[in-house]
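Peer 1: Given the structure of chain A, go ahead and fit chain B onto it with the hints provided.
2 protein chains.
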Amino acid sequence: MAKKTKWVYFFGANKTEGDGSQKQLLGGKGAGLAEMTRIGLPVPAGYTITTEACAEFTKRGNRWPVGLEQQVKDNLRKLERACKKKLGDKKNPLLVSVRSGAAASMPGMMETILNLGLNDESVEGLAKASSNRRFALDAYRRFIMMFGSTAKGINREIFDEAFDGVKDNQTRRRIGKPDHDLVLDTEMNESELEKVIAEFKTIYKNAAGESFPQNPFEQLKGAINAVFDSWMAEKAIKYRSVERITGLKGTAVNICQMVFGNMGDDCGTGVCFTRDPSTGENTFYGDLLINAQGEDVVAGVRTPVRLSELRNVMPESYEQLEAVRVMLELHYKEMQDIEFTIERNKLYMLQCRTGKRSPGAAFRIAVEQATKPTLDRRDVNRLVRKKYLSKRYAKLAAKPVITKDEAIARITDADIERLFYPVIDPDISSAELTANEMGTGINAVPGAACGRICFTAAEAEEYAAGGSKVILVRKETSPEDVGGMHASQGILTATGGKTSHAAVVARGWGKCCIVGCDKLQIDYAAKKMSMNGTTLSAGDFITLDGSTGTIYRDQFKLVPPSAPKEYDELMKWCDQRRTLGVRTNADTPEDSHKAISLGAEGIGLCRTEHMFFETEERRLAIQEMIVADDEESRRTALDKLLPFQRGDFEGIFKEMNGLPVTIRLVDPPLHEFLPSTEADIDKLASHTGVSKDFIEKRTEQLHESNPMLGHRGCRLAITYPEILEMQVRAIIEAAINCKRRGIKVFPEIMIPLTIDPVELRILTDRTKATADAILAAEGVSLNYLVGTMVETPRAALLADRIAEVADFISFGTNDLTQTTMGLSRDDAGRFLPDYIDVEKTGIFKDDPFQSLDQDGVGMLVKWGIEKGRSTKPKLKIGICGEHGGDPESVYFCHRAGMDYVSCSPYRVPVARLAAAQVVIEEESAGKKPRKKAAAKTTKASSKKKTKKAATKKKAAKKKVAKKKATKKKAAKKKSPKKSPKKKAAKRKKAKRR
Amino acid sequence: MAKKTKWVYFFGANKTEGDGSQKQLLGGKGAGLAEMTRIGLPVPAGYTITTEACAEFTKRGNRWPVGLEQQVKDNLRKLERACKKKLGDKKNPLLVSVRSGAAASMPGMMETILNLGLNDESVEGLAKASSNRRFALDAYRRFIMMFGSTAKGINREIFDEAFDGVKDNQTRRRIGKPDHDLVLDTEMNESELEKVIAEFKTIYKNAAGESFPQNPFEQLKGAINAVFDSWMAEKAIKYRSVERITGLKGTAVNICQMVFGNMGDDCGTGVCFTRDPSTGENTFYGDLLINAQGEDVVAGVRTPVRLSELRNVMPESYEQLEAVRVMLELHYKEMQDIEFTIERNKLYMLQCRTGKRSPGAAFRIAVEQATKPTLDRRDVNRLVRKKYLSKRYAKLAAKPVITKDEAIARITDADIERLFYPVIDPDISSAELTANEMGTGINAVPGAACGRICFTAAEAEEYAAGGSKVILVRKETSPEDVGGMHASQGILTATGGKTSHAAVVARGWGKCCIVGCDKLQIDYAAKKMSMNGTTLSAGDFITLDGSTGTIYRDQFKLVPPSAPKEYDELMKWCDQRRTLGVRTNADTPEDSHKAISLGAEGIGLCRTEHMFFETEERRLAIQEMIVADDEESRRTALDKLLPFQRGDFEGIFKEMNGLPVTIRLVDPPLHEFLPSTEADIDKLASHTGVSKDFIEKRTEQLHESNPMLGHRGCRLAITYPEILEMQVRAIIEAAINCKRRGIKVFPEIMIPLTIDPVELRILTDRTKATADAILAAEGVSLNYLVGTMVETPRAALLADRIAEVADFISFGTNDLTQTTMGLSRDDAGRFLPDYIDVEKTGIFKDDPFQSLDQDGVGMLVKWGIEKGRSTKPKLKIGICGEHGGDPESVYFCHRAGMDYVSCSPYRVPVARLAAAQVVIEEESAGKKPRKKAAAKTTKASSKKKTKKAATKKKAAKKKVAKKKATKKKAAKKKSPKKSPKKKAAKRKKAKRR
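For the protein sequence lines, the chains are A and B, in the order given. Heads up, the first sequence is in this note's numbering, so the first residue is 1284 and it goes up one at a time. Heads up, the second sequence is in this note's numbering, so the first residue is 1284 and it goes up one at a time.
So here's chain A without its partners, still in its complex pose:
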């Protein structure tokens, strides 16, 4: 760095060198202090050493960059002038605090030193100036300990021991308190504090090998170094790694004039929020301690009173604070978390930052800020009258401070997600929870769950059927366990990551799930699990917190989720803004129902294989099909499955009335359906009359080295066309049945794992031949589409030729990620963390199974879209991997030009939000808005097709239309021209009422 680099930014006396926009350079705290100063709020003077100085310090092997010392000195002098006090002064010394503050919040990770500037002489100066020698001595002993432990790394406990020694021996004796009563710090007198100070200095000298520095500038340098060092401390590095905080230069150092809230009853300190952070209510909310320092509030030493109390004891300070609240909210246009101190009736703002809030509050605040004034007119007038508030702010306060777009932009996916999952009752003390904590795993699906432990899916189903709430605990889950998983309140597995089978299935249901709990050991035979020394048996209670990944023994009360009315309002705004369609991945009528209530506009992925596991009858039929020796026996077994599938599809079509339903033909390799337990093999043997030996042989024969790349997807349909034919028959017959009952059906048949246009042509032809034959026989016309999933690089690369055959394509980005990166979702848990660990390698910003790898996989997706549309400009394109519910990925899908995303029901609102946010972002970047494609496409194409069909069967058509019209009138009494989307929205609303 050049000599002239500006390392230090001053703030004070309403003038600042920095401002709120310089968070990267000055850290969050430094930028906040500068900004508050800049807008005229009462802030103690001080200066901030930049994060760049910290970076340079680390780079130079823990030496200060050239010029820093001079600038620190110059600014110190400036600070002394502003405060009209001098550091180390014998009469009225200036004291400063030295605090760290990076651009991202790292609570508890870095150092703070208060009361700096005290030494053997200035402590007496402070005593005089405050007229309180005890206060000054107490400040001095605190400073020595803080400086010793942070700047010199002396074990804090040694100081504590010495302090307790004096307190317990001398003070207790002096005041004559019995042994079983606690002696309070405040009961120590000056001479005892002097003794403590003397002992602290000895401890310091012994440990540091030098005397406690009396030179205040030496103290300052030591404190600054301590803050710099804390940036690269192991715990801070670990924290950044865990929290995925990257791209920061270092921490800033804030040197600030000390103000004291503990100088008497005209002093106080507080922490408050500009609105209620748990409800979002527009009220001034906070805690206050009279005659106390800020640390005391945080440490919980004394119980604070409600902020409104301030109005009674210091009415002027309260009104001033009220004005500050309004000014900060209007300035930042956001709910603020504020720290303040009142020193002898003078208010000082120590910190302000955007406040954390409950998910419900997030919506209420956003919606109210966008629709209502910040403060009611009466209060505004009062504050203006008293000159606490300027006319300018008064005017701003009278109307909404943000736009609806800004409200949308502010909400995060986490806000939505947390809105829908039950949580452990917040009234339960953290001590009680901690006492029952068994360990943690990966928090795959949030929310809490509580129930009796079951180790097998069968048991789980059995107990649940008997009315018990159960938690399924498995090493890992497989498709065979789906029944038991569904019956459980939550799922816990020892292996797997966020996209393992357990996680994906559970997420689909919004069911609490913790996976990859590597300390979990299960003894299936003994029906016992143990973790970090605790052993539980089947039937014991266990509670999972899927939001944190923590596992507790015993049962805890759970609190159900509830969404505020502002949620509905904001989501409505989102739907008005977005152009991307949002569908859901749903396999059952129940899922479909749920998804519609969450705003889904159709099904983007209905997996047909889960249906095979639902009952034993179905399981046996699919197994019979697999062990069959020839096509005829296979067809016999398939005939048994047909009515089940048809029934399932009818249920789904009914739920999705008027909305498109994309049904994927069977995808997993057949061996996944075969029985694995002795008992199940016996059952299948007796059911089919085939020998156990043969079943085992067939299972072995079907075993695959890499099932993910094996005989699955449409490869099954190539080998066994009869499976495809059965499924298509089930879909089309279900559609016919529904249509005859007046339900509007838009089936989209999706062929999985295509790798070649010829392959797809063969299967598409077969699908259409089967479907058209049924339709012709039944004399029904139906608009159905046949498309494919693009989930291999080859399919994406050849999308132009694929599009010649497909009516639509849907990117299956789960598998596309696996193949593009050569990365098994089930196995990556062992090494992918190393790839994401910022400090270890930082190769990937995110887990590519969570958030789409835009560099690699994204390139293929964009290529696929471009090539696909080069052949078929109106090709309908969607995504149906897990990524459809990840905001960054949704942004990407919008920008890439997709028509819709599809995600699990509980991610639908997240996708709706993200789809709106990206539009807002694009518009603010000056991009022309895109037309709303998804819903229109569906409607337009179906209309067109209907017209075509009409020319063929005019008479039939007329009859149907008549019937439809009648039904519509009877049922809805509304405009018959409603789009599917509007209808869905209506249905959703109805449900919520």
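Be a bit skeptical, because a hint or two may be false.
It does not matter which identical chain is used: a pair holds within one copy or between any two.
As the list claims (entries may be wrong) - Here are the simulated DSSO-like pairs of lysine-lysine, each with C-alpha atoms no more than 30 Å apart in a straight line:
(1) 2051 <-> 2128
(2) 1488 <-> 1682
(3) 1810 <-> 1975
(4) 1975 <-> 1802
(5) 2145 <-> 2155
(6) 1758 <-> 1975
(7) 1980 <-> 1811
Simulated from the structure, these hints should not be mistaken for laboratory data.
Peer 2: Coordinates of chain B only, in the frame set by chain A:
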């Protein structure tokens, strides 16, 4: 098709409507007949119905296309005029043959009908005209049978029974032959033949439900229909599917005047080759039967005499045939396979086509045709003198008929492949072989092998060590079996395809291997195998023919391969022509040695993991490393492996003196190295002191769902940097040791399975840091490169950023194919055949693991090359998958602009050939020749680097140079400026001498 379509092409009387170029339209036979007619050779007149007519016939549901009947009639009249005979004539009838003939040879698959035109009247005409009524009757009975069986599908055996009945009852009685002596057909008299004819007509009537047609045109139509039908007969469809014959329209039908070689001793028939097909010697070679029909030669009824006999019995015909031989060779520029008939001293050419030949002959013929005259001057002069040969042909015959380029273009990879593998002694009768045939599998690696059955790798090693030749028979093989595989003569597995572990490893060694033998059942416990009813035990002899995939019980004599001198000559020409470098995949000094003898110019892939299995000591060390609990224990175990790896690398560097060696760091997932048998687990437990339980747990822990996409490749180096460090140390120390002994070393360290530039940067930095530290410590300068394998789509997509880091990239197209297509090489055997089966789906032309998928994978390869060179224009690029030895893939690699291909040693000559062929093809298409890149790049870059290093250590450099120079002089006494390539060539030659 329009009315005016020309369905029929006439030939005769030196005039033709078609010619030799119209193989697709006229079929091979039709085009040959037209062409021979066109160049003035004596061919019976006739006409050809096109393959398009056949296609139209099939399309129209077995009805003749419009216009065909008229054209057949018209051309028949034309034929009658040309022959001056009429079909069905009572005095001197025209007889015709009706033969099928597609563009590709399908021997035995389709129909032929001779003597058509005979009926109850014309048979007497023929009797008169031939003055041989017995001959005429014999021809008639043959015709009825042929027509009945082919056109009407009457079982031939019924005819044969009737025939034998007359022969055995009437003839035997008449001539008084005893029961045990065979009665010859020729011993039947006219009345007996008349009876046969009568019985045949009855059989015909009974079976066909109508009388045998007396109308010759009706006969002709029936025969044409029979030929058309035969195209879609099941056996023909199957044949085309198996032989991968695609793109044909149908079969042509050739209607040709009959000529007879069986009218007396001035008649005869023969089959001959213009050169000796087994040795390639330039001599007229063939078989002859006097007074016989062509079928008799093929059927082997009588033993033919050598062609030279013709010179004695019909000298004029012989000389005329000699001239025909020369004309055909000069015309087609290829060795021809000829059929002829002499009818009453008049020579007729019935067929000519390019002759099949032994691999040795292929080289000799190609080289001699490109370097020597076709016929020596004396013989030319003789034939010219006798007017059999024109001056023009005489002139052509005196000089080479093809160019060297044409010689190169003509050789196929199969020619080369078959040259190097031992075969079962051709003297063993096929009857004997058939009697011992047990079944067939997939012919993974050609050549034959014979030995005693072993069912475990350990046993194989043990028996082989004791001097026995063994065949390893396994359900499948794994890396643990490599020792036993290497010790075996050949490998037989029940599962897997051509790219299964067994096949890939065996191919690397050129070791006979049959895989995917699904009828093979192994009982490891009982040490028995059985196949199609035959059961053998361990220790029994078995013989494998890897070229056909056939398995025989018992042992058979094998004949070693030998390459003719013309092979060396032609490969030299290839090396002069090609611009693409050819390296080898070799893991041991022995492989390297072999590869150099086959012309490899370096190693493109040295897999380091096979080295870990070579001895128990190594196996235990790597296993110890894997079960180690912390980095330190891992390093201890790695230290034990270091000297082994270093020693291996030294051996390889020594063999490859002066040539680049690409070493890939360890690639497979660690669980592949762990012991699987109880005994091995015990051994490891006692070796490491770790409990068996722990080892089993660790093994389970390391188990992966999809190991192909798991914790392998450079992911291991990310997790365990110490493995990379050990391997780099071994490479660099080996290089230093070799360099000090005067060996020229060019190590290229290759990082496998990269998916990201940051990942590669981390590992490259680590590699260079390790290497440079060792070099600095040893005071040695060394030119080494660090590059990566591109084997995931993501790596190819991001090649521009990968190239910023890599010195070179090598496409690992095995894994790139697996990931791009989402296709497991180990599992695809179950469904990939359906994808390649032309009649079933025909989705892929070839197995994408055999021949690079140019559409999909190729797109990524081309993208990778383009992007890679966009960042680093001189980026060295190669391929090291199995595709490097596949001609089509080599063509692709050349066109895509790669620097080299790398393949298993035995495929090196194939790659050299293909690399030359593609240059020739490009030049003939008018493309400018590319500069020879590979060898030069290596040289240039190493020179450049040396120069750079020199500026640093001039003194040291001079010393080394001096030492080198001295060595060179002593050892070679040749120009010191030889390129590595020339040296390799020289070494290769020396070895062969």
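Peer 1: Going through the earlier hints one by one, which of them does the structure break, listed in rising order?
Peer 2: Number 2 - this is the single hint that the structure violates.
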